[in-house]
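S.K.: Heads up, the sequence shown is in this note's numbering, so the first residue is 1 and it goes up one at a time.
If you're looking for bench data, these hints aren't it; they were derived computationally from the structure. For clarity, every value in this text was computed on a predicted model and none was experimentally measured. Zero decoy hints are in this set.
So the derived label-pair ranges between C-beta atoms look like this: (1) T135 - Y51: 24 to 30 angstroms; (2) E117 - Q178: 28 to 34 angstroms; (3) M175 - R110: 30 to 36 angstroms; (4) K32 - G134: 40 to 46 angstroms; (5) M177 - G52: 47 to 53 angstroms; (6) Q62 - R106: 15 to 21 angstroms; (7) G90 - E179: 32 to 38 angstroms; (8) L77 - A188: 25 to 31 angstroms; (9) K32 - G75: 19 to 25 angstroms; (10) D140 - K32: 42 to 48 angstroms.
Cβ coordinates follow ideal geometry from the N, Cα and C atoms, glycine included.
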Amino acid sequence: MEFQRRHGMATRGRPWIGVEMDEQEAVMWYRKAAEKGDVEAQFNLGKCYYYGTTTGIDRDNQQAVMWYRRAAEKGHLGAHFELMECYEEGKAAGMDMQEVSWNPTRQAVRWYRKAAEQGHRDAQNNLGLCYEKGTGVDMDNQEAVVWYRKAAEQFHNDAQFYLGECYEEGKGVDMDMQEAVRWYRKAA
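Please put together the full structure from these sequences, using the hints given.
M.R.: The structure is reproduced here in structure tokens:
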């Protein structure tokens, strides 16, 4: 509880009660909690390293990936998404060189899947794109439709549009112009 109180005040500040924002203190509390296994602190420390702070931490992709991975392995949804973005953008390059089959695109897909399976709509849409284009996985339009639909049903505009395209072009589903128009309208 002390961590929650202190890091909340340090990151947002409470000037009306005499607590100013202090990034260095926030990073100190994140680190203490993260090292003790606090998942939210691990995720937030990853963000600090990924984006850098004005006074506390320089950008460091390796540290960001390490902390995102620790949080993701404990099921933190945001960490799954941030980690896959690191892999997709190549910011995790060299992190998994001990893995014989290291491939940043396949690693991104792995983390997309973990987040998508937990209901993260951006990850579901991106996983659909991977299947449609054969990026990091074998091309499979039917599987792309499955993931687009999951994201589209959560009001993800791009997924709604892509699902409309699938129906219009008969990719992964039977061609159906009425269904295509229905999804295009939702995306608009």
